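Protein chains: 2
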Amino acid sequence: MKEYFKVDEWKVIEEGFDPHYNKVAESVFSLGNGRMGQRANFEEAYSGETLQGNYVAGVYYPDKTRVGWWKNGYPEYFAKVLNAANWIGIDVQIDGEQLDLAKCEVLSFYRELNMQEGYIKRSFKAKTALGKEVGVEATRFCSMVDDECGAISYTITPLNFEGELTLTPYIDGDIVNKDSNYDEKFWDEVSKSVSNDAGYVQLRTKKTGFEVATAMKLVLVQDGSAIEFESLPVEKEKYIAAEIKVQATAGKSLTLYKYAANLSSQNYDKAELAEKALQRVETIAAKGFDAMLAEQAAAWAEKWKHNDIIIEGDAKAQQGIRFNIFQLNQTYTGEDDRLNIGPKGFTGEKYGGSTYWDTEAYCVPFYLATAEQKVARNLLLYRYKQLGKAIDNAKLLGFKDGAALYPMVTMDGTECHNEWEITFEEIHRNGAIAFAIYNYVRYTGDDAYLTDYGLEVLIAISRFWSQRITWSAAKEQYVMLGVTGPNEYENNVNNNWYTSTIAVWCMQYTLEVIGKVKQADSGKYATLAAKISFEEATETGRFEDIIAKMYFAQDEKLGIFLQQDGFLDKEQILVKDLPAADRPLVQKWSWDRILRSVFIKQADVLQGLYFLEDRYDIDTIRRNYDFYEPRTVHESSLSPCVHAILAAKLGDVERAYTFYLRTSRLDIDDYNNDTEDGCHITSMAGTWMSVVEGFAGMRVKDGMLSFNPLLPDEWKALSFQIGFRGSLLNIRIAKEGTTVKNLSEMDVVVLVNGEEISIKGKGEMLVGS
Amino acid sequence: MKEYFKVDEWKVIEEGFDPHYNKVAESVFSLGNGRMGQRANFEEAYSGETLQGNYVAGVYYPDKTRVGWWKNGYPEYFAKVLNAANWIGIDVQIDGEQLDLAKCEVLSFYRELNMQEGYIKRSFKAKTALGKEVGVEATRFCSMVDDECGAISYTITPLNFEGELTLTPYIDGDIVNKDSNYDEKFWDEVSKSVSNDAGYVQLRTKKTGFEVATAMKLVLVQDGSAIEFESLPVEKEKYIAAEIKVQATAGKSLTLYKYAANLSSQNYDKAELAEKALQRVETIAAKGFDAMLAEQAAAWAEKWKHNDIIIEGDAKAQQGIRFNIFQLNQTYTGEDDRLNIGPKGFTGEKYGGSTYWDTEAYCVPFYLATAEQKVARNLLLYRYKQLGKAIDNAKLLGFKDGAALYPMVTMDGTECHNEWEITFEEIHRNGAIAFAIYNYVRYTGDDAYLTDYGLEVLIAISRFWSQRITWSAAKEQYVMLGVTGPNEYENNVNNNWYTSTIAVWCMQYTLEVIGKVKQADSGKYATLAAKISFEEATETGRFEDIIAKMYFAQDEKLGIFLQQDGFLDKEQILVKDLPAADRPLVQKWSWDRILRSVFIKQADVLQGLYFLEDRYDIDTIRRNYDFYEPRTVHESSLSPCVHAILAAKLGDVERAYTFYLRTSRLDIDDYNNDTEDGCHITSMAGTWMSVVEGFAGMRVKDGMLSFNPLLPDEWKALSFQIGFRGSLLNIRIAKEGTTVKNLSEMDVVVLVNGEEISIKGKGEMLVGS
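The listed protein sequences correspond, in order, to chains W and A. Counting from 1, one number per residue, gives the positions in the first sequence under full-length UniProt numbering. Counting from 1, one number per residue, gives the positions in the second sequence under full-length UniProt numbering.
None of these hints come from the bench; they were simulated from the model. Any given hint might turn out to be false.
Any copy, or any two copies together, can satisfy a pair, since identical chains are not distinguished.
Unchecked claim - Derived lysine-lysine pairs resembling DSBU-like cross-links, with alpha carbons at most 30 Å apart: (1) K2 to K71; (2) K576 to K400; (3) K23 to K236; (4) K531 to K475; (5) K475 to K576; (6) K185 to K71; (7) K23 to K71; (8) K588 to K207.
This structure is a prediction, so every number in the text was calculated from the model and none was measured.
Based on the sequences and whatever the hints tell you, model everything.
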């Protein structure tokens, strides 16, 4: 854990410049608007350590899968997040000397991410090798209002010299992807042009043929007024620039506004892309930087109104949760049902593909509570639309009769991951997708979704389980062999408790939904059954038989569920006994050693107890928590939040607080030494859960919201807004009790500590603690 | 199984040309002399399906390891078998039209591998697109006498035309490796030259910097006399040729002799390579093709005298065993202790690296019995010399204090395989290396080897086991978690019976050898103990504790050892119930499906029963055989031989015969649809074992050879030579009994069916059956 950034409730602040930390800072200060995004690279040249990254949502590259040894069933292609044209670049030359912080003496440096209004600001003073001192102030954002646009204000002030200043704003499409086979480049040029103050580059991705036009418009301002300039247009392969020379005067600032737009062929005719992109930059330039920034602040204010979590008395915790909510909102807005939530969002390339089980297991609850219902519904429909490909994927692995296995990682429904122990065996993802349907319906009461879409997915998933589970004559029970659970530090194990449990739960829930749908609309049920050739009696008979006779690994003596068969044969060492030098294990130990060890990467049995908590008494949960928590290394970002929620449920407020801090400040404090690759976006939804489901103890019970608050000593109060079935509530948990404010017109009933509380429209109530 | 080639006791014959079978034929007709080798590609151009391959022993390329997801502990580089310069090429043009069997009408075609004398001969008549008919007769060999040389006699006869014939013999170093990342080329040119009738190309491998000079010398003969010719020298990048134009007359044959040499910087100064290669081709050309071929026949006659197995009454079985012995002798001669036995020998690139556990588990017995003692000893010393690297390799995986894990695949002692489930977990290879020491000493009685080299290796291996094995508090026994056994259709299993058994055996044998060495030479023992910091009391105490308290997976009810924990939880389906369309599984099933299934790739429990048969009573062996045999798909070439030996031991002559045929004709009949990649060289030693240890039942007991013959009904008699501790025996097994002929001067005692038989020097004895 580092404490590099300054603590502030609404900002992340970097004071002074440490080049070793630059890639981490580039990740943390990333910007996005759901449609496009970028790492916080510098506008001017930087020859030090940096990971350049600009991304356009939904634009990917299917790179040829490379493995040492091919396994039957591997996908041919692997969808990679594409590094797109760099539109922020502004090259600065002072009397022919390039401004480059890696080659200057940095006299002062300040950078902030303003989360309240949605921009980054950077100011520095630097002295070049030849002794020229300049001050720079740069502000930049990706507009939430004009969501294909971004804008930069770049002010440069000569401090101790007169001379020629050359500013060369450019668009560079000749970029490399960090994650490419043999440094292959993924973009071809379609067209480009550049005039005195505007220009564009249109590029096409290889293979997929996506086209993106990136345009810029330039405005130069001095002494508060736009000034005329004559630039030298520059064109190179996939690159345009306008070279602007001005006479610099010491102490006299010059501001370059660079307006940019990224238009993609997903949304426009390819033939019109360039023209529309050029029009768009004219439009936003006419609006002007300050007006755009004001709109940006207003848009963020509106978001915060619904999303904000206020933690009083603990600035670090406050900053952490806001950072998480901010990044989630930058990544996915729910406007476009073709998009999903990549594990790194717009902050890096790592992991490729956009959709993991993270979406269903961690992100759906966040969007359910903080956005319109259609946002979570769109996330569910995304999988519904990909059901055909999930059935194809299962076929490839030898399943049949409409069984579906959703991909581990995907961009368009096809699998694009290629480690056999994950691709073929980490099948619990199917369970999370089913669970998200259950969770969505439980939260929204939208039963019609089951009839129209949900049941079809559930049957396909249950078919998969019923084929994947086999009979053990030795045990005289059903078993599930050869799986990898959520804990990826075990591979190819038998009877992983979590996977077996979620599988059987899927079949039970499918049976329940069949009953519901038959009753609600027997005609639609019959149509569906015919469409998917569902042999109800035989197939549900198989489900029921498995439900009745499934084997679950457990240990009677310890009274715990077993991660998998044979777990107790391992050397029972605890995390606290691990030497610090051995961690993180994934970087220090060979894979086999990790696999043989007792150490758990992320919640696994506990993940199941979290999802299905109503099935287990509190002692069972406690015994399992007490057993597994000391063996868990949390080397997945998705782990601490589940532990935080369970710790809170068990009343262990201290541990809940520790886990919360860890999950919420994972990237700001670079906990796992990997923030330089990008931020852990999907786990940020888990952070939100650890507050709302953890400390506030929020659940849905019998169609009502329920709260079981538990406030850490460090906090004066915790408050947040929750949307639920048309109502909007503000919950404030403080030492003196929990205040529920009903912001909507309709009356609502909530449970607080198990007690039913009725609150009139626009009313509020304090429930003493 | 195909029956493409004709059956002949001394030859493999191809009659008629089937392009679809060309790559298989290229593998089967491969040539080698231990020093260099090649696939049976055509001399003239061929634009059809072909896998070009020329190899120089010990010359490899460390290609950058590529995997989808890197695991800690993977090697940086992967040693690849290098496709070297093509020295066989002779381009033929008839009036400007290129001779290319893919573009001709093939009027007749005949190709034979003459195993008795060690050459391939090919003759064909073809009609070109323009109607020219030619006859060609080509004979080629890699010389066993001049072991860096090869020679070709290429006779062409115009059948229906007069005109200009252009022969362009060449050396082409601009070759591609099939197994390369992104078609990268591995050779750079050092120098080259070409004169009227000779030339060379010297190439250097990238990274490793091996240099190989490949030279040729040309002689043209017509009507029995060499004729003068004037050629046009051609030079291109890494390529030289001499273009020879002659006037062709119908019916008049012309013979081009092409003499070649491959000299490597492993054996010569780089500066002298070219000169020496050019001298070498002059020398052999002076000797002449016919003389060389006669020497070749004589060298092979000498080999056959010691190696041959004669099966009377079954030409198919006879051809099979000779093919195996022939290829083994082509691959490894034991002359050079830096070399080892690659799984594909000189017949293809697949698998990379040269040394697998195949050497110790399958090849050592063959060389022990058929070659001088130093040959097997050299194979053992190869590992002794690499002990330091095996210790480094174990360190990389977290082991310490001199524990050694030999690599799965290697060229120079460093690991060069990169699938975690194999590289890190298929650790039983350590056991085979220890077993080979035991086997060598049992066979030769060379106890001094233990003192000088063997014990050091044994302790390092036992140290590894003692760290790899851990205590299970749940079982109150030692366990071995997370391994892959010989059966690679299981990955990351617990308590694989074979691995646990061989591990405990290693420790037992190490203790035994410690005792022996201490007694034989306590001084040397003390020196060794000091050198390797061997804490005898503590370390042997740990070995003994593990030996006493090791857990072995077994099933009491069935009375069998279990492949691994949980094996009986699998669906117990038998191979006979698998649809033919599902096989081979590795090509038809996804990996997870294979792993979950009961099907066994290759002998695993049975491998252990084979190695350590003296420890188990015949009923135990039979119960395990009866259980595992019907579940084994033999998709490893190393499997049927072990089953054949056990079947013979159990008196199941029919099954032993079936397995024998399968193992001996694996490549000739292309059993596993993969001969096109090359032949299964190391498993050929297993074929030899299945005859000698299977049908002849040969073992070493108390320092004597022992035989328990079992003759298949199909065979009239079986005979072979065996060298044993200075004596040479001929064994002939026939219906009427077993004749042991003592070819040496010294008296010998052997066991036949458990009875001691003394045979005087040069005497013989028939033991009735």
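To see whether the hints hold, each was checked on the structure:
For the homomeric pair K2 and K71, the shortest alpha-carbon distance between copies (26 Å) is at most 30 Å, but the shortest distance inside one copy (41 Å) is not. Within a single copy, K576 and K400 get their C-alpha atoms only as close as 47 Å, which misses the 30 Å cut-off; across copies the closest is 22 Å, which meets it. When the C-alpha separation of K23 and K236 is checked against a cutoff of 30 Å, the pair qualifies only within one copy, where the shortest distance is 28 Å, while the shortest distance between copies is 48 Å. In the homo-oligomer, the alpha carbons of K531 and K475 never lie at most 30 Å apart, since the shortest distance is 37 Å inside one protomer and 52 Å across protomers.
Taking the shortest alpha-carbon separations for K475 and K576, only the inter-copy value of 24 Å comes in at or below 30 Å, while the best intra-copy value is 37 Å. Taking the closest pair of Cα atoms, K185 and K71 come within 30 Å of each other both inside a single copy (27 Å) and across two copies (26 Å). In this homomeric assembly, K23 and K71 come within 30 Å of each other (Cα to Cα) only across copies, at 23 Å, whereas the closest approach inside a single copy is 35 Å. In this assembly of identical chains, the alpha carbons of K588 and K207 lie at most 30 Å apart only when taken from different copies (28 Å versus 38 Å within one copy).
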